[in-house]
Structures are given as C-alpha cells and as structure tokens.
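Trainee: Chains A and B are the protein sequences, given in the same order.
All you need for this note's numbering is the position in the first sequence, starting with 1, plus 314.
All you need for this note's numbering is the position in the second sequence, starting with 1, plus 314.
Think of the hints as simulated: they come from the structure by calculation, not from any bench.
Hints are supplied without guarantee of correctness; some may be wrong.
You can't tell identical chains apart in this list, so a pair holds if it fits in one copy or across any two.
Calculated cross-link-like contacts (lysine-lysine; reagent style DSS-like; alpha-carbon spacing at most 25 Å) [said to hold, decoys possible]: (1) 474 x 547; (2) 557 x 500; (3) 407 x 543; (4) 565 x 575; (5) 409 x 464; (6) 547 x 575; (7) 407 x 474; (8) 547 x 557.
There are 2 protein chains.
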Amino acid sequence: MRGWIVDQESYIPPVQLGDVMRALGVGEVVESMTDEYPVGMLVTGMTGWQEYAVVGPDEMLQPVPPGLPETSALSACGLTGLTAYFGLFEVGKPKPGDTVLVSGAAGATGSVAGQLARLTGCRVVGTAGTTDKCRWLMDDLGFDSAINYKEEPLPRAVAKACPGGVDVFFDNVGGEVLEVALDNLKVGARVVLCGGISGYNDVEQAPGPRNLINLVVKSARMEGFIVTKYLAKFAEAGIYLAKALADGAIKDRVQIVDGLKRAPEALNMLFTGGNTGKLLVSVSPAA
Amino acid sequence: MRGWIVDQESYIPPVQLGDVMRALGVGEVVESMTDEYPVGMLVTGMTGWQEYAVVGPDEMLQPVPPGLPETSALSACGLTGLTAYFGLFEVGKPKPGDTVLVSGAAGATGSVAGQLARLTGCRVVGTAGTTDKCRWLMDDLGFDSAINYKEEPLPRAVAKACPGGVDVFFDNVGGEVLEVALDNLKVGARVVLCGGISGYNDVEQAPGPRNLINLVVKSARMEGFIVTKYLAKFAEAGIYLAKALADGAIKDRVQIVDGLKRAPEALNMLFTGGNTGKLLVSVSPAA
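Just chain A, same shape as in the assembly:
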C-alpha cells in the first residue's frame, strides 16, 4: 500500500489523488445482482478503504471458505499467507535442515514464512523490534531463535544465531539486515526479496548493501517477486494454508484498528513497529 501511493511506475498503477485507497477487504454481501454472491455471503476482494463497496468482476471477489475465520481470509489464508508461501517455497526453496533467517518475522508475512520453514524442517531465526515479539516468535510460533534488532547489534546477533551461515534469507525489511545477511550466506544461498519496508518512506533512496560481491563468492541468488506471478497455484496454496491453520500447524495473529478514520494511522504503525501479525482496519459500521 505504501508503494501504491508513490507517483511512479510499479507493478500496478499508483492510486490517484481523490481515488478510494486500494486495499483487500473482507465483508458481507448486503445487496446483489447475481446468484453467485447471495446476500449474507462473506466475501473477500479488492474492496478498498471504504464502508461499502460496489464490486464488479475486476475486484476478484472470492467467497470466504466455510469455517475459516473471516480475518484469516486476509491474513494467513489471504494474499499475505500466499506471499509467504510462494516466496518461501518457490523462491527460497528451503530443504530440511536449512537455516532460514526471516526479517520482520513478527509481521504478517514474516510470521507465516517462518512457520512454513519450521514445518519444512528448517532451523528458523527471526528478527523483530521488541522483546514481546521475539518471545511470541519463539514460544508460540516455534522459531528456534529470535533477535531483537533494537537491542543487539545485528552483525554479532546474526552470526551467533546462524553459526553455520544462512541458507535462505526471507527479507521483508532491506537496509542493514540485508547487508548483514549477505555477510552470513552459505554457498548456494537464496535471498528472497519480499519487501524492503525500511526504505519505503525514504524521500531519497538510501545506499544499498555494500557487499553484493558475497553473491559471487558464495554462488548465491537474490530474487524478488510479486505474488500474482504464481496466480495459477493460488488454489493449491490456499488449501495448504487453510489446512495448516485448521490443524494448528501454523498460527494466525491479527490486530484490528477500529474505524476508517484511523486507517492512515494504522498504515503508519507498520513503519513504527506498532503491530504484531496482520494489521487490519475495521471500516464498516456493522463490524
């Protein structure tokens, strides 16, 4: 969302001034012109930041599967979970026994990516910005280690938590943690560039990692992706995630900010580290 409100070319056009802010949402059908979406059905799609949405075929409306908590349709089983799933499995290609480092690990995507790596039999290390988040990662989500980057210098902490080096780095943050991860790659390592939130608010682009030569020396790969690249496999991945969630193999955590007026404040919480797990805004008076 932060990228969509910058006026520059990206993978989709920027949101224009005066337009409804683009966003995925979940809601109840209150009026319908088609039997496919009867009144009362719970659906998810590109509803935008608004109390009521008039939704056509372009907004990719999907029914929320029966039994799935509606918030999970936006988090572990929504585009967030799919992003973690494809980034980890298709780009990171983890193998059992691999050491997987996740930055922004207490965020919506990072927390799912880390849990999926654990289910694959990897050793999972996460970075986060508070002691509570680190405790949640280790005690509730089964991470093997968690680093509070605001308390420990990252170079020492990463080297200590990943003594044999990093096979897969799942990066949501960029900046310093990316540079430190590059200094700790194993031969043949994969860096998954999922996001770079540390730089999204920069007015001038900050300098990049000074140590890309590690990619050469370690025959390592760094690859970015937009989740829609894997559209053809969304259904398969959605079933995997919903089953893992229902079985308790992965856990989902959401934090809800109440009221459309607080949506800008909520967006900003992602930059101050104010949220854990998936951050949602409840915009409808009925919610």
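Using the hints, position chain B against chain A.
Mentor: Coordinates of chain B only, in the frame set by chain A:
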C-alpha cells in the same frame, strides 16, 4: 587475482606474502616424471607468476588440445570462456529475442558472453570505456549496440539502447552500471553477477545499488557464481567453445604484456581500462 591478494576469507584462501602469485598459465613441458605429460607437450594449469613451474596433481594440468592456439587455452577456451559460458547459459538463461546487456563487454569474459548471447539470437548491448572498444564490439563481434560509459551518461544511454528493457544483465563491473541496469529490468529479468571490478580496489566498500526494490517489482533475479560450481560440465562447454572459435562463430582477442616484471603493471591495466580482450603476461624467457 585482485581478490586473492586481499587478506580475507573468499572462495579460495588468499595468496600469502612471499608466495608465488597464483595464476593460470600455459607452457611447454621441459622435464617430466610421467608419460602422461611428455617433454614438448603444451599444457595449461595453475602455474603461477613464474618462469618455470614445478607442477603436481593439485595444479590441474591439462594438455592444450591440438590445433587450439595456446593463448586461446587461457582466453575463449580457458576459464575465462567457461566463466562467460556458464554465467550466461546457466545463470542468465537467455532466450532468442532477449535483450542482453553486458558490462565490461570489451574485457575477456564480457566479450565472450556477448558473442554467446548473439549466437543464442539475443539483441546484445555492451558497455566499454573507449570508442575503439565500442567499435570492436559492434564491427568485429556483432554486438547490436555499444555504449562508451565515459562519454554518455549511462542512465540515458542504457534506456536508449534497450528501449524495451533488459532481460539479462551480465555484470563484470558493479557500481553505477549495476544500478542503471536494475532501473531498466524487464519483468522476470536475470542479473548475472560475474564480477564487480569497479569495487575491487576500494579500501572502504562503496555503497551498493539504491534500487534493489526493482528486483521485487520486476520479479527479477540477481545471482552470483564461481565457475568451478559447474566443473562437471567443463568438458562439454570446452568442446562448444573450441568449435565456435574454430568455426569463426566467436572471436578471441588477446593482448600480451612481455616480461614477468611487468605482471603487476599488467594487473593494474584491468583497472585503468588499458586492455581489450584477454590480457596475458609472457613470463618465460622462451616465449
């Protein structure tokens, strides 16, 4: 070689003070303890910077194939050519019609990589530092376009020479040209990190590209490699290169600096842009 004389961990141990400088060489067997390498045979291997080398099994001695110019055993058909071959084909994965950008294109590796891309049916653009080099790339090697980065600002020149964007960037240089290439990637592009000569002499590491987010937005990949990763396919690649050279499908250019004493000067020519094609030092009194 420049990397090998820095005292830090890399893919092979650094050369120690007082040791013979590590280098591939070509020479004639003048004394032998095995029938496998009879006196008079032309061989190539890890001979080092020295007039006479005592060579054992560790130095990976190979006969120069009959008919192959001895200098080609160190350039287009040596580790240089293999580096271009595996970097382009295994990492870059070019397809016919792709736009391939090569930095340091008039160097030993870049000139072979560009020619192999042309043979694959790609549109090939190279960067180099003199008008003569650019002319050689276009007139003799069949590059579609060549950019003199000392005369034209790279952002404009690359955008103009690659109007639809870059599918494969084969990078020998790093620094500015890497940043510019990242700004011109097509969706699904591959960046082959082969080297980063612009940074090898830096005492402090220079800042890296500020625009890695392009890898995310364009679902693009950046991957480094050390050629020995593909050891199992060396024979197959060597045959391909020797045949392409014999057929005139690719051209080989070498520049020979005469005398062991001038070896340090020769190494420095790689950083000042003083050479075109493969730079060799003739160290033996017999040469």
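Trainee: Next step is simple, just say for each hint if it's right about the structure.
Mentor: Cross-check of the supplied hints:
no.: 1; hint: 474 x 547; in the structure: neither (37 Å within a copy, 37 Å between copies)
no.: 2; hint: 557 x 500; in the structure: neither (33 Å within a copy, 36 Å between copies)
no.: 3; hint: 407 x 543; in the structure: both (16 Å within a copy, 19 Å between copies)
no.: 4; hint: 565 x 575; in the structure: neither (29 Å within a copy, 67 Å between copies)
no.: 5; hint: 409 x 464; in the structure: neither (30 Å within a copy, 46 Å between copies)
no.: 6; hint: 547 x 575; in the structure: neither (36 Å within a copy, 62 Å between copies)
no.: 7; hint: 407 x 474; in the structure: within (23 Å within a copy, 37 Å between copies)
no.: 8; hint: 547 x 557; in the structure: within (16 Å within a copy, 43 Å between copies)
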